[in-house]
Structure formats: C-alpha cells, structure tokens
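Chains as they are written, first to last, in the numbering used here: chain A, 1 to 309; chain B, 1001 to 1287; chain C, 2001 to 2375.
It is worth saying that the hints were derived from the structure and are not from the lab.
Careful, some of the hints might be misleading.
Cβ-Cβ distance ranges computed for the label pairs, FRET-style [stated by the list, open to error]: (1) B:S1271 - A:P225: 54 to 60 Å; (2) A:P166 - B:P1045: 34 to 40 Å; (3) A:G300 - B:S1271: 35 to 41 Å; (4) B:T1190 - A:K120: 41 to 47 Å.
Here are the simulated PhoX-like cross-link-like pairs (lysine-lysine), alpha carbons at most 20 Å apart as the crow flies [unchecked claim]: (5) B:K1111 - C:K2047; (6) A:K59 - B:K1111; (7) C:K2103 - C:K2090.
Part of the chain C face toward chain B, derived, beta carbon under 7 Å [what the hints assert, rightly or not]: (8) Y2073; (9) M2079; (10) R2104; (11) Y2105; (12) N2186; (13) G2276.
All values derive from a computational prediction rather than experimental measurement.
Even for Gly, the Cβ is constructed at its ideal location relative to N, Cα and C.
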Amino acid sequence: MSATAAPEQKKGQVSAVSPRRRALRPYLLVLPSLLLTIGILYPFGLGVFYTFFDYAATKPNPDFIGFQNYVSIFTSSDFWQSAWVTLRYAVGATLVETVLGVGIALLLFRGSAAGRVLEKVLIVPLMIAPVIATIMWSLMLQPSVGVINYLLGPFGLGGVEWTDSPRGALLSAIFIDVWIFTPFVALLALAGLRSLPRDPFEAAAVDGAGYWFTFRKLTLPMLWPYILVAVIFRFMDSLKMFDVIYALTRGGPGDSMMVLQVRGYQEAILYTNFSVGLTYTIVIWAAVFIATRLLVGIFGRAQARAAGP
Amino acid sequence: MDDNAPHGRKSRVRASDVVTNVLTVAYFVFALFPVFWILLLSLKPDKQLSTTYFVFDPTLENYTAVLGLSQGAEGIPFVRFFFNSLVISFGAVAIALLVGVPAAYAAARWKFRGSESLLFTLLSFRFAPELTVIIPLYVIYQKLGLFDSYVGMIWVYQLIALPFVVWILRSYFQDLSPELEQSALLDGYTRVRAFFLIVAPLVRPGIAAVSLISFIFAWNNFVFPLILTASHAQTVTVGALSFLGGEKPRYNFTAAAALIAAIPPLILAFSIQRYLVRGLSFGAVKG
Amino acid sequence: MATLSLQGLRKEYGDLVALDELNLDVRDGEFFVLLGPSGAGKTTTLKCIAGLETPTAGRVEIDGRDVTDVEPYDRNVAMAFENYALYPQKTAFQNMSFPLNSKRYRVSEEEARKRVERVAETLGIRHLLQRLPRELSGGQRQRVALGRVLVRPADVFLLDEPLSHLDAKLQMQMRAELRSLGEMQNTTSFYVSHDYREALALGDRIGVLREGRLVQMGTGEEVWQRPADTFVARTFGQPEINLVAGELVDGPEGCLFRSRDGEIEVLLPNRPAPPGTSVELGIRPLDLEVADGETPPDTVKLAGRVYVVERLGRELEVTVKIGENLIAVVTGKGSKDPDEQVTIFFSSSRLLLFEAETGRRIDLEQEDVEAINRA
C-alpha cells in the first residue's frame, strides 16, 4: 500500500466557473482605482475646460472666450517675467544639485570612514517638507537672530537682508532648493554607481588608466541614465515649484520671484480669476511635457555618442 | 575606481582618502547644520533670543507653548494641525493601498485592454502642476461641501499616492513568478487566499516602502492644504508657516513648530532607507 | 485513482494555435508520458488539465467528470512544476504541508505532520525539512516539490519536466527512484518531457506531441519499433535513425528499394506500395553492424567507406559513406579508420519504410494488393 494511502478523499462540491466570469476578474480588481482616477480626471478636465472661459468669482456664469486667455497671457509682460524667473530658477537649481549630487555620490562611493557613517543621514534634507526647510533657512538668514549673518560677520558680509533684493531672493531660493534636493540626485547616482559592472574598471586599472580618464570614458557614460532620471525629475519639479518660493517671500520682493505656479495661485485664489490662473497651470504643464521630451532627446543622443560605436 | 576593494597597504594614509573624508564631512555639515541650529533656536528662551547665538539656557517653554500646553501661542492651534496631518496622511495611504494593491496586482498578472494607457495616464499626473486640479477642486469642493474636510484631502492626495502605489507595486508583483500562485491554487487554495497567504507576504517590503514614502509625501505637502483647507482640516505644514507671519514673529516658536512638523517623516524615513531609490525614482532606478 | 480524458482539446493564444484537437485517454493508475520538443504544447496541455488555463474548445474529464470549467483547487490534481515553484518564505516542511492546510484538503495537524515525514523519508529529505528553499540544492528542491505532490492522495499527478534542471547523473538516479515510489504506482500520472529516454524509461504509454497535435500514442515498444511517421522515428534514438531517400522499383527478385543515387538497393519482403512511389528507408544505427570478415546469412549487406569515426566510451559511432548517403552505425567492437572500406549489415526485419511525401510509415506486413492486381 502506498505511503500516503489511508485518508478518504474529500470529494466536495465541484462547481464550474463560467469563462465569462473568469474574464471579468481583472476588471473587478481595477474598478475602484478606475473610479478614483476618473474622480481625479474630472477636475483636470474641468480645469482645461475652464481655460476657454472667463470664469472668476466675479463672473460665476462664465462665457466661452476661446483661446483668449492664452493669447492674453502670452502677450502679458507678467507672464514672460514669470517664465523667465522660473527658467532661471529651474536651470540654476537643477544644474547645481546635479553637479553637487553626483560629486557627493562619487565621494560616498569611495567608502571612506566618514562616508560610511554619514551615508545613513544623507536623506535627512530630502525628508523635511520643503516649506519647513524654507522656514528653517528663513530663520537662519534672518538678519537679527539668524546664524548665517553671525557667521559671515567676520567676513564683512553680515547684516544683509538676504531676501530683500530680487537677486538675493533668487539665490536664496536656489540655495534652499539645492539643500533639499541634492540628496535626491546623490541617492540616484549612488545607486547607479553601485550597480555598474566591475570588469571594465578593473580592465582600465590594469591598462593604467588615470582617475579622470576612467571617469570621463567609463563612469560618466555608464552613469548617464541615472543622471538623466535625476535631472528630468528635478527640472520638472523645479519648473512647477511652489512651496519654497511661497514660503520664502510669497513671490517677492515685489514681483521678482513670481514663478509660474505662484503667479497662477495669485490669479486664481487671491484675485479669484479662476480661468486665468488655470491657464497658467496648463501652460506650465505643456512646458514641463516639452522640456522632458527635449531633455530625454538631448541626453539620449549624448549618451549614444559617449557610449561609442 | 572604487576603493571599496581592500587596499594593499592599510598603514599608509593616502592623500586622496584624507581629502575624501574632509569633503564628505564638509557636505554633511552643510546638510545637517540647519537642523541642528533650528533645534538650538527652538530651545532658546525669549529673553536670550537676540542676544546670543550659541550660549544660552535651554528651555522647553517654546515647545509647550506651541503645543498649547502653556501660554504664548494662542491663535494657532498647532496640536490640532498635527492631528489633522496624522489623520489625513494615514487616511490617504490607507485608501491608496486599498485601491492600488488590487490594481497593481491586476496590472502585473493580466494584460487587458487599456492597461498600458491607464498606467500612462496615472504617470502623467506626475507631470502636471498641482494647481491644475486644485483650482477646479476649490470650486467643486465648496459646492460639494468637501472644502476644509478630511475626506476632501484624502481624496485629493490619491492624485499623488495612487499612481505611485500602482506603478511601484506592479513591478514588485511582476518580479514574482506566477507559478507560486498557480501552485497554491492546485494545493487547494482559492485565488483570494492564495494572494493573502503567498503573494502578499512576498511583496511586504514593497508595500512597506510605498506606504511610508506616500505617507511622507502626504505629510510634507503644502499646496493642497493651503488652498483646500481652512481652520478645520489644516495641516501642520501650513500651520508652521503661520508662525512666521505677524508683526512680532516668535522665531523660537517657529523653530519648535518646524521641528515638530519635521519629526514624523524623518523617523519613518530611517526605516525605509533601503527601498528609497526605487520609490523616489518611480521605479526608474531599482536601487 | 482516476481516468483522465482529453477530448478535442484546443487552445489558441490569439493567432497562435498551441493545441489542435488533442484527444487522448489515460487509464486508471497509468503512468503516461507526453513527449515533444519545446513549443510543442506540452506545458499548455498540462495547464489545461490542471485548470490553470482554459481551453478554447474541447473537454477535460477526470474520472468521468467534466472538469473543463472547474477551478484548479476543486479538481483534486497535484502538480510538480518544472521550476519547482516552492514558496520561498516557507520551510521545506511548510511547503509540503501547505496543501494539507487548505480548506479543500485539510487534515489534522497531527496527520499532516505524519504524512510529510513519511513522504520525506521516502524521498530521503527528512533531514532537510527545516530548511528554506534557498538553502537547498537543485536536487533537494526538486524532491521537496515532488514531496508536495505526494503528500495528498489526488486523482491525477501532473509532472512538468521535473527532472530537466538536474545534472545528468542525478537525472538518471531520480528516474529510477520515481518509478519505484509507491505513490506513483497507484496514482494516474501525467508526465511531460522533451527527453525521449525519460519517456521510454518511465512511461507505461507515451504520446508524441508535435505542434499541438498528437502524432502517435503507444507503449515504448510500439513507438520505437512501429513509429507512425519519420518525426516519431527521429524523436527516439541517439544518433537519429538513418533515413535514405529513394523509390520503390520492381526487380527480378521482387520489390526493391533503390536510393536516389542508386548505390543502395534493398530487397523488401513484399510489395507494400506500387513501384515508383517515393519513399524513405529507415534503419536505426543500433540495428546496423559492421562486418568483421564474415557476415551472417539472411542479412542485408551494404558496402561503403568509413567517413567519420567517433569513440564514445565502449561504443564506436561510425559514419559510413555509401554513394551520396551517410549512414551512422553504432557498434561495440573493433576500431575502424577513416577511408577504410567496410561492409555493414542489418536484418531486414528491422527496416522501416516511410512515404516520402507525408512521412507516414508504410506497413511492411501488408502488401499493396490492389497495386499487384493492377500490375
């Protein structure tokens, strides 16, 4: 008798499941998220829709005005001023934090004693809400109680009201952005470095290649995809930046720091010109979309060239 | 290139190593000093606020005032804000998981019509400025009575949390061989039981990572509560900012408030260090 | 213990037809092997039987019950997967007892423990029960997977190439053990493989699958000695059966096979088809022998020149060139040098004849009576 004999088989209820019911299963699982997505898509659609009207708190029954909103903002100096400062902010922040982030990653990759310990707290600035981080730096930059002025005092740079001038405000904003988001780039680059195959580097070392040569010809090309991901995310997000700017100066001094989304906020919520504000956001959306595709294209081609035949 | 490989001579300290250590420490001073200094500021009593920078008698008065346990910070119910943040962030994550996990599983296991386009739609939300959806919602919520409510905020946060959950967990599910579930089916388990007993435990790290990251994003968010809440459901990020306004801003209070607002995400972040890269890059990089 | 019946089974994946009108019956307690190259549809068949895939058309019957639309957990079948599919976070013991904890096949904890230990003992893995799958070797994992199948009595055991990822020695060892397992002897088993040696060693009956169609079904002896077509003939045997293209001609002594280049002529026992029919002559390397001086009477002799010689341990694989044709011979004796003139011989009872166009075997026992009458 076989070793697993003995127990009677439970011939329980055997019911057939119709193929149609079976085919429905995936749709049932997806249904709730589908509903939620529609729930979010609806306001989006509505947002786009309203840009073709002149909806405002003063005009609760708006008229259809076609592309007039778009025309008027593209011809307003306010918009172009916003676009210009947004671009400077985004490029400046992304550039600095990319270079710095990759540099930090390279440093940490070397596995120094300091690096191994401090890597664990790399993520701290990133986890603090941008608003909170801005508050912190505002306090630090405060002329009366802030520590920055205290530290810079001996160098004769103390007592500056950093956010009083347009240039100072822009630099401060970029500085804060860099402080918060450099770890993001560093984390991505570090993960990239750690995932690279060892062999090419060992071969290069055997062939007597120096550090910079190895870096330019081997490390950088292989690291491009990771750097690209970081750059795209950061550039995208900084084009849309709201928190830091708003918390720092609400867009001031004057109008100098009115990045696009802050101006959109001003129009829609403070001046209650809903349609105008929405138009700003749609333009931002389009800009982000285009920028991303351009970036992917440029860097993609650069990578292909760097990788060689 | 990488010095993680063991060195031949450990005794000689190379110049490059010293430089590396110095630069590394320099960066981390830059990164951590603000947190440290804010901590100091938050412990400074009023009297010594403008007089000294580093030497003072520490006090917890600022914290008790901010938390409403003592005088000084009336008009800003910070404890309530903190509580709101907790409720809304937890709620947002819970809903996102409830809805997103089955969707991610379905997306991983079945190829059905529209699955790719649905995912891409979800992903494109990431490109859009928050205001695009907030402004219409500002109007809609007032009509629906969802303005300044927990439900309204939890719903809106799905915009961030849901695509994230589905996108990331889908790749975790795809990493699992379908044969595991098939084996469980033949072993006598229904699909539902097979999922909970076999599949879910294996993606637990993914679920943990996604939950924590979503919680942090929800907690740290500013623009949504700024516009869509008022006194009732306002969160701690908006609340902290209100300490800076006014004629005589209480800097030490602000510092205490900022730290209180920053602590929960920091604590959570330390538990998910490992999964961070995959999450933050939306799966583009499998750190 | 149950019969298994596949009727008109058809499975399509979009435009791809994986199974095309599959009909086969497995008897109660039989060890059936489905043999076929990769992509033939073996795993698809298995999954349809298990209920993991739903056929596009046709029926699956287990023990007379139509289970075509029944969920896998209600079919009372157990399956061993090609890649083991062991639950990574469970120990070997937990993997094996998992089926016994399900609602459908539940037994008491005590009973479960006893059974797992008994089966583990039989498979020689008793000492590994507390280990996790990642701590086990390939062979050990395979046994755990098998153990998970054996712990509960099922109507049918399904085995998807369970030995294919083991090294050659282990494969042979497991093959022997598999058949001797009591459980396997009492349960209807459906085993899938691409290895003909496994099929011959394990199967009571073998089904040969090609591109979703069952080409032949029979015992090992039947498929070996009476293959339905050239595909089946070539599937069994290493080196492959020798196939020589040619046609039937009428000769003074009777019906002859003549190769295309005319160099090989073999007298056939009768006239199985009209003269002029394009055919292929088949003779297995193992049925051929190299003459060492005298050749036995009553054998067909062919003369040729040695082309290639390969020594494989005790055996010699000699390829002989006769005209345009290369004939492989496996022999145990002697040594031969390339370019040496040799005579090879075989018994005419061993030869096989196939229609050139369809590949179907022509039955040599039957004479083409009509053709003879017409002639």
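Structure-based check of each hint:
1. B:S1271 - A:P225: 54 to 60 Å: violated, 28 Å
2. A:P166 - B:P1045: 34 to 40 Å: holds, 36 Å
3. A:G300 - B:S1271: 35 to 41 Å: About 36 Å separates the Cβ atoms of A:G300 and B:S1271, which means 35 to 41 Å holds.
4. B:T1190 - A:K120: 41 to 47 Å: At roughly 44 Å between Cβ atoms, A:K120 and B:T1190 fall inside 41 to 47 Å, so the hint holds.
5. B:K1111 - C:K2047: holds, 19 Å
6. A:K59 - B:K1111: Distance of about 47 Å is beyond 20 Å: violated.
7. C:K2103 - C:K2090: It holds: about 19 Å lies between the C-alpha atoms, which stays within 20 Å.
8. Y2073: Given a least distance of 5 Å, the restraint on C:Y2073 holds.
9. M2079: Cβ of C:M2079 sits 5 Å from chain B, so the hint holds.
10. R2104: With a minimum Cβ separation of about 4 Å from chain B (threshold 7 Å), the hint on C:R2104 holds.
11. Y2105: holds, 4 Å
12. N2186: violated, 19 Å
13. G2276: violated, 54 Å
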